[in-house]
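**Q** Sequences and hints are given; from them, build the entire structure.
Count along the sequence shown from 1, then add 69; that gives the number in my numbering.
Hints are not guaranteed to be accurate.
Unchecked claim - Pairwise CB distance ranges, derived in the manner of DEER restraints:
hint, residue 1, residue 2, range
1, G140, A184, 45 to 51 Å
2, G265, S172, 24 to 30 Å
3, V228, P202, 38 to 44 Å
Hints listed in this document are in silico derivations from the structure and should not be mistaken for laboratory results. Every residue, glycine too, gets a C-beta built ideally from N, C-alpha and C.
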Amino acid sequence: MGAGDFQTLLEGAWVTIWISVIAIAGGIPLGLLLGLARISKLPVISQIVTVYISIGRATPLVTLVLFIFIGLPVLGINIDRYTASVLTLLLNTACFNAEIWRSVYQAFPRSQIEAAKAVGMTKPQYFRRIMFPQMSFAAMPGLVNEATLLVKASPAVAVIGIVDLTRVTNRIASQTYEPLPPIIVAGALYILIIAGMVRLQRRFERRAERFASIEG
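**A** As structure tokens, this is what we get:
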């Protein structure tokens, strides 16, 4: 494996990073909305979202990306392969994130909510000022874990021609007839990507802990 192959692997890694980052950035807030909608007091909304989340979590990524890239044009909705890839990953991770947010919300101490109501805070006010900061801190490990799983599942988008890290690895292995070197390099790159995400999580947690100690 030469320098050109290594450069190609880096380019594939970059594709993996940016489609994953966009999907994660959109999937976290969408998951929050879905999680809150699932426990909504409106039965119709709650049931619809519950069914959607169940289907989303049970559907393989390969099936979902094929449906979005091939099925949507049949309905008159045409999108390019990169948009289809990001949308697939976003919708998938949002379903899992929804369950993380829901569990964190339901575990939130009711006493703090009652105290906020007692001082005259409206629901949007105490959610924004009291609940959401604490929920974000509590949900962070689960959200980061889901993000790492998404990165590892992202090679599914190669089925529609996305030249990501895994697809590049397969191409180099088939061209050079030496599969081990590109596989080792690709594995190292995946480890670096995921390690970077975990490092960001730990930095966020340390800052949140310092902020909490100052506030306390």
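**Q** Look at each hint and say if it fits the structure.
**A** Evaluated hints:
1. G140 / A184: 45 to 51 Å: About 49 Å separates the Cβ atoms of G140 and A184, which means 45 to 51 Å holds.
2. G265 / S172: 24 to 30 Å: holds (26 Å)
3. V228 / P202: 38 to 44 Å: Once the Cβ atoms are compared, 40 Å apart, the range 38 to 44 Å for P202 and V228 holds.
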